[in-house]
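Turn these sequences into a full structure, and let the hints guide you.
Numbering (the numbering used here), first residue to last: 2 to 45.
A portion of the hints provided could be inaccurate.
Label pairs and their calculated CB-CB ranges [unchecked claim]:
| # | residue 1 | residue 2 | range |
| --- | --- | --- | --- |
| 1 | Leu-18 | Thr-44 | 44 to 50 Å |
| 2 | Glu-38 | Arg-17 | 29 to 35 Å |
| 3 | Ile-41 | Leu-18 | 31 to 37 Å |
| 4 | Thr-44 | Tyr-12 | 45 to 51 Å |
| 5 | Cys-21 | Lys-43 | 29 to 35 Å |
| 6 | Leu-13 | Lys-43 | 31 to 37 Å |
| 7 | Ser-19 | Lys-42 | 29 to 35 Å |
For the record, the hints were derived by calculation from the structure and aren't laboratory data.
We put the beta carbon where it would ideally sit given N, CA and C, even for glycine.
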Amino acid sequence: MIIGESDLSVYLFAGRLSSCIGAAIALGFGTKYQNIELRIKKTS
Numbered sequence: 002m003i004i005g006e007s008d009l010s011v012y013l014f015a016g017r018l019s020s021c022i023g024a025a026i027a028l029g030f031g032t033k034y035q036n037i038e039l040r041i042k043k044t045s
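Have a look at this one:
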């Protein structure tokens with residue numbers, strides 16, 4: 002099985018992109034989820 006440079010760069014780019022998106026989701030949704038929880042606790 003031969004992996005060409007184009008395939009390798011595509012996988013590398015996809016890996017970087019997915020890791021960046023994963024980090025952004027973890028940080029962004031994590032803080033949003035905490036804010037929603039705080040709002041629910043305050044109202045109830």
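Structure-based check of each hint:
no.	hint	in the structure
1	Leu-18 <-> Thr-44: 44 to 50 Å	violated, 38 Å
2	Glu-38 <-> Arg-17: 29 to 35 Å	holds, 31 Å
3	Ile-41 <-> Leu-18: 31 to 37 Å	holds, 33 Å
4	Thr-44 <-> Tyr-12: 45 to 51 Å	holds, 47 Å
5	Cys-21 <-> Lys-43: 29 to 35 Å	holds, 33 Å
6	Leu-13 <-> Lys-43: 31 to 37 Å	violated, 45 Å
7	Ser-19 <-> Lys-42: 29 to 35 Å	holds, 33 Å
Violated hints for the displayed structure, listed by number in ascending order: 1, 6.
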